[in-house]
Amino acid sequence: MTPRPPTMREKRRYILAKVDPAGTIIDQKELYFAVSDAVTSLWGDSAAAVVNAAVVAAEEGHVIVRCQRGTERELAIALSTVTGYRDQRLTLRLAAASGTMESLRARFRKPKQPAPAEVYSPDPGAENGEREAVFAGKKFMVAGCEGGKVDVIEKGFKNANRLFLTTEDLEVP
Amino acid sequence: MKITDACVCPYPLGDSSVRRMALEAGKLGFDSIVAIDAPPLEYGGVRVCPGILIRDPAAKDVISSVKRGRETGAVIMVQARDNGFNRAVIGVKGVHVLCGIHAAEKTAFDHVTAKMAADHGVAVDIDLSPVIGGRGIGRQRAIHRYRDILMFSRRFGFPLTLSTHARSVLEMRGVRDLAGLCSLLGMDEYDVEGALSGITRVTSPADHAVKVIG
Numbered sequence: 001m002t003p004r005p006p007t008m009r010e011k012r013r014y015i016l017a018k019v020d021p022a023g024t025i026i027d028q029k030e031l032y033f034a035v036s037d038a039v040t041s042l043w044g045d046s047a048a049a050v051v052n053a054a055v056v057a058a059e060e061g062h063v064i065v066r067c068q069r070g071t072e073r074e075l076a077i078a079l080s081t082v083t084g085y086r087d088q089r090l091t092l093r094l095a096a097a098s099g100t101m102e103s104l105r106a107r108f109r110k111p112k113q114p115a116p117a118e119v120y121s122p123d124p125g126a127e128n129g130e131r132e133a134v135f136a137g138k139k140f141m142v143a144g145c146e147g148g149k150v151d152v153i154e155k156g157f158k159n160a161n162r163l164f165l166t167t168e169d170l171e172v173p
Numbered sequence: 001m002k003i004t005d006a007c008v009c010p011y012p013l014g015d016s017s018v019r020r021m022a023l024e025a026g027k028l029g030f031d032s033i034v035a036i037d038a039p040p041l042e043y044g045g046v047r048v049c050p051g052i053l054i055r056d057p058a059a060k061d062v063i064s065s066v067k068r069g070r071e072t073g074a075v076i077m078v079q080a081r082d083n084g085f086n087r088a089v090i091g092v093k094g095v096h097v098l099c100g101i102h103a104a105e106k107t108a109f110d111h112v113t114a115k116m117a118a119d120h121g122v123a124v125d126i127d128l129s130p131v132i133g134g135r136g137i138g139r140q141r142a143i144h145r146y147r148d149i150l151m152f153s154r155r156f157g158f159p160l161t162l163s164t165h166a167r168s169v170l171e172m173r174g175v176r177d178l179a180g181l182c183s184l185l186g187m188d189e190y191d192v193e194g195a196l197s198g199i200t201r202v203t204s205p206a207d208h209a210v211k212v213i214g
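From first to last, the protein sequence lines are chains A and B. This note's numbering numbers the first residue of the first sequence as 1 and each following residue consecutively. This note's numbering numbers the first residue of the second sequence as 1 and each following residue consecutively.
Careful: at least some of the hints might be erroneous.
Claimed, not checked - Computed spacing ranges between beta-carbons, pair by pair:
#	chain 1	residue 1	chain 2	residue 2	range
1	A	GLY137	B	HIS144	42 to 48 Å
2	A	ARG89	B	GLN140	20 to 26 Å
3	A	ASP45	B	ALA103	27 to 33 Å
4	B	ARG176	A	LYS29	57 to 63 Å
Stated by the list, open to error - Each computed SDA-like pair below joins lysine to any residue, with the alpha-carbon atoms no more than 25 Å apart:
#	chain 1	residue 1	chain 2	residue 2
5	A	LYS139	B	ARG167
6	A	LYS18	B	GLY26
7	A	LYS139	B	PRO12
8	A	LYS11	A	ALA106
9	B	LYS106	B	ARG135
10	B	LYS27	A	LEU90
11	B	LYS2	B	ARG135
12	B	LYS67	B	LYS115
13	B	LYS27	A	THR83
14	A	LYS138	A	ASN161
15	A	LYS138	B	ASP15
16	B	LYS27	A	PHE135
17	B	LYS27	A	LYS11
18	A	LYS139	B	ASP15
19	B	LYS27	B	TYR43
20	A	LYS155	B	GLY26
21	B	LYS2	B	LEU150
22	A	LYS18	B	LYS67
23	B	LYS27	A	ASN161
24	A	LYS18	A	GLY99
25	A	LYS29	A	PHE135
26	A	LYS138	B	LYS27
27	A	LYS155	A	ARG89
28	A	LYS29	A	SER103
29	B	LYS27	A	SER98
30	B	LYS27	A	GLU74
31	A	LYS18	B	GLY44
32	A	LYS18	B	GLY133
Stated by the list, open to error - These stretches of chain A come out as covered by chain B in the derived footprint (C-beta under 8 Å, 3 or more residues):
#	segment
33	72-83
34	139-145
35	160-168
Quick caveat, the hints were computed from the structure, so don't treat them as lab data. Using N, Cα and C, we set each Cβ at its ideal position, and we do this for glycine too.
Based on the sequences and whatever the hints tell you, model everything.
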C-alpha cells in the first residue's frame with residue numbers, strides 16, 4: 001500500500017509531560033489506558049475520538065502524548081486529571097507541546113547542570129548500600145533524591161507508603 | 001498580587017512535608033500556599049500561610065474555634081453544611097473562607113447566603129480535587145455546583161479562592177492546569193486570576209474610603 005502523501009495525513013501535535021514521582025517505571029500501554037480513560041471520562045466518547053490521544057514514548061522520566069492538532073488544550077486538561085495507573089499514584093506535569101517528537105526529546109535530553117549544594121549524602125553505615133533517613137522518629141529508606149527533594153519509604157513490610165520530604169526535614173540519626 | 005493555592009494538607013494529614021509542598025508549589029508557579037495545621041514559614045521563595053480547617057462542629061462551637069484561630073493569625077476555613085449553618089458561619093467575624101461547598105446539599109448556598117458572603121467579605125472556596133480525582137456523577141455534580149457559585153459570585157461580588165486540597169505533592173497542580181480545569185467551570189482568565197489572589201483579598205481586605213451606613 002502506498003503511503004498517504006504528507007498533505008493528506010492527519011495533523012498531529014505532541015505533548016511532553018514529566019512523570020512524578022521520579023523513578024516511576026512507565027509501561028506505555030498501561031499509561032495509554034489511564035490517559036484514554038481520563039480523556040473519555042472528561043470529554044466523552046465523541047470528543048475523545050477527535051482528540052485521538054496516544055502515548056507514543058516513555059523515556060527518562062518523561063512521556064510524549066500524541067493528539068490531533070487543535071485539541072492540545074483538551075488533552076492538557078485531561079492529562080491534569082490523571083492521578084494514577086495500575087495501582088500506582090502518579091501525576092503528569094506538562095512541560096511543552098510541539099509538532100515533532102524530536103524537538104520534545106531535545107528538551108529533556110539537554111545536559112543537566114549539577115544541582116547546587118543540597119545533595120543528601122547517604123548514611124555510610126547503612127546495610128546493603130541502602131540509604132537510610134530518619135523522620136518523625138521513624139526510620140525510612142531513601143527511594144529517591146533530587147536536589148533538595150527526598151522521597152522515602154518506611155522500613156518494614158507493613159507500611160510501604162512513600163513520603164515526600166526535603167533534606168531539611170530529615171533528622172540526624 | 002499573590003498566586004495562592006488556598007488549601008493543602010501537609011504531613012501528618014498527608015504524605016508530604018510542608019517544605020516539600022512549598023518547594024513543589026514554587027515550581028508549579030505559586031507564590032504562596034495555605035497549609036492546614038502548619039507553622040508559618042517561607043521556603044524556596046514560597047510563603048506558607050498557616051490555615052485552620054473547621055469541620056463538623058455545631059455553629060456555636062465554630063465561634064469558639066474561630067476565636068482561638070484568630071489569635072494565631074491563621075486563615076480560617078469552615079466546611080460548608082446546610083443553608084442555615086452556612087449563613088450563621090458567614091456572619092461570624094474572623095471566618096475567611098467557606099469551603100467544601102460541592103459536598104454540601106443542593107440548597108446550601110443560595111442568593112441570600114451569597115449576598116451575606118459579599119457583605120462580610122467571606123470567600124467561597126473552589127476545591128478542584130473532585131474535578132481532578134473524581135469521575136462520573138461526582139465530578140458532574142461538583143462542576144454543576146461550582147458553575148452555580150460562579151454565577152452568584154459574578155452577581156454579588158464575593159471573593160472566590162482556588163484550592164487543590166492536596167494531601168500529597170502528587171495531588172498538587174500547576175497554575176496553568178488550574179486555569180484549564182477552571183475553564184470547565186466557565187471561568188475565564190480574569191476569574192481565575194481573581195480566584196488565585198482570593199486569599200489576599202480576604203486576609204487583607206482593602207479599606208473603603210467611605211462607608212455607607214443606614
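Consistency of the hints with the structure:
A:GLY137 and B:HIS144 have their C-beta atoms about 46 Å apart, which keeps the hinted 42 to 48 Å range intact. At about 24 Å, the CB distance of A:ARG89 to B:GLN140 agrees with the hint of 20 to 26 Å. For A:ASP45 and B:ALA103, the Cβ-Cβ distance of about 28 Å falls inside the hinted range of 27 to 33 Å, so the restraint holds. The supplied range of 57 to 63 Å is broken by B:ARG176 and A:LYS29, whose beta-carbon atoms lie about 28 Å from each other.
The hinted pair formed by A:LYS139 and B:ARG167 meets the criterion: a straight-line CA distance of about 21 Å does not exceed 25 Å. With a C-alpha separation of about 16 Å, the suggested pairing of A:LYS18 with B:GLY26 holds against the 25 Å cut-off. The suggested pairing of A:LYS139 with B:PRO12 holds, with an alpha-carbon distance near 16 Å, which does not exceed 25 Å. In summary, the hint linking A:LYS11 to A:ALA106 is supported, as the alpha carbons are separated by about 21 Å, within the 25 Å threshold.
About 19 Å separates the Cα atoms of B:LYS106 and B:ARG135, which keeps this hinted pair within 25 Å; it holds. A hinted pair counts as satisfied when its Cα atoms are at most 25 Å apart, and B:LYS27 with A:LEU90 qualifies at roughly 17 Å. For the hint pairing B:LYS2 with B:ARG135, the CA-to-CA distance comes to about 31 Å; that exceeds 25 Å, so the pair is violated. Of the supplied pair hints, the one linking B:LYS67 and B:LYS115 holds, its CA atoms being roughly 24 Å apart against a limit of 25 Å.
A hinted pair counts as satisfied when its Cα atoms are at most 25 Å apart, and B:LYS27 with A:THR83 qualifies at roughly 19 Å. For the proposed pair A:LYS138 and A:ASN161, the alpha carbon gap of about 13 Å is at most 25 Å, so the pair holds. Restraint check for A:LYS138 and B:ASP15: the C-alpha separation of about 14 Å stays at or below 25 Å, so the hint holds. Under the criterion of a C-alpha separation no larger than 25 Å, the hint pairing B:LYS27 with A:PHE135 is consistent with the structure, at around 24 Å.
Between B:LYS27 and A:LYS11 the alpha-carbon distance is near 32 Å, which puts this suggested pair outside the 25 Å criterion. At most 25 Å may separate the alpha-carbon atoms for a hinted pair to count; A:LYS139 and B:ASP15 meet this at roughly 15 Å. Between B:LYS27 and B:TYR43 the CA atoms are separated by roughly 12 Å; this keeps the pair inside 25 Å, and the hint holds. Proposed proximity of A:LYS155 and B:GLY26 is contradicted: the alpha carbons are some 30 Å apart, above 25 Å.
Pair hint B:LYS2 plus B:LEU150 holds up; C-alpha atoms about 21 Å apart against a cutoff of 25 Å. A threshold of 25 Å between alpha carbons decides the hint, and for A:LYS18 with B:LYS67 the separation of about 44 Å lies outside it, so the pair is violated. For the suggested pair B:LYS27 and A:ASN161, the alpha carbons sit about 24 Å apart, so the restraint of at most 25 Å is met. Proximity of A:LYS18 to A:GLY99 is assessed by CA-CA distance (about 18 Å); at most 25 Å being required, the pair is judged to hold.
Taking the CA atoms of A:LYS29 and A:PHE135, the gap is near 36 Å; set against the 25 Å cutoff, the hint is violated. For the given pair, A:LYS138 sits about 29 Å from B:LYS27 by alpha-carbon distance, which is inconsistent with the 25 Å threshold. Between A:LYS155 and A:ARG89 the alpha-carbon distance is near 20 Å, which keeps this suggested pair within the 25 Å criterion. At roughly 23 Å between alpha-carbon atoms, A:LYS29 and A:SER103 fall within 25 Å of each other, so this suggested pair holds.
A hinted pair counts as satisfied when its Cα atoms are at most 25 Å apart, and B:LYS27 with A:SER98 qualifies at roughly 22 Å. Between B:LYS27 and A:GLU74 the CA atoms are separated by roughly 23 Å; this keeps the pair inside 25 Å, and the hint holds. A threshold of 25 Å between alpha carbons decides the hint, and for A:LYS18 with B:GLY44 the separation of about 21 Å falls inside it, so the pair holds. Simply put, A:LYS18 and B:GLY133 have alpha-carbon atoms about 19 Å apart, close enough for the 25 Å limit, and the pair holds.
With 6 residues having a beta carbon nearer than 8 Å to a beta carbon of chain B, the segment 72-83 of chain A meets the requirement of three or more and the stated coverage holds. For a cut-off of 8 Å, the count of residues in the segment 139-145 of chain A with a CB near a CB of chain B stands at 0, and the three-residue condition is violated. A count of 7 residues in the segment 160-168 of chain A with a Cβ less than 8 Å from any Cβ of chain B is obtained; the coverage claim is therefore met, three being the minimum.
Violation of the numbered hints given earlier is confined to hints 4, 11, 17, 20, 22, 25, 26, 34; the remaining hints are satisfied by the structure.
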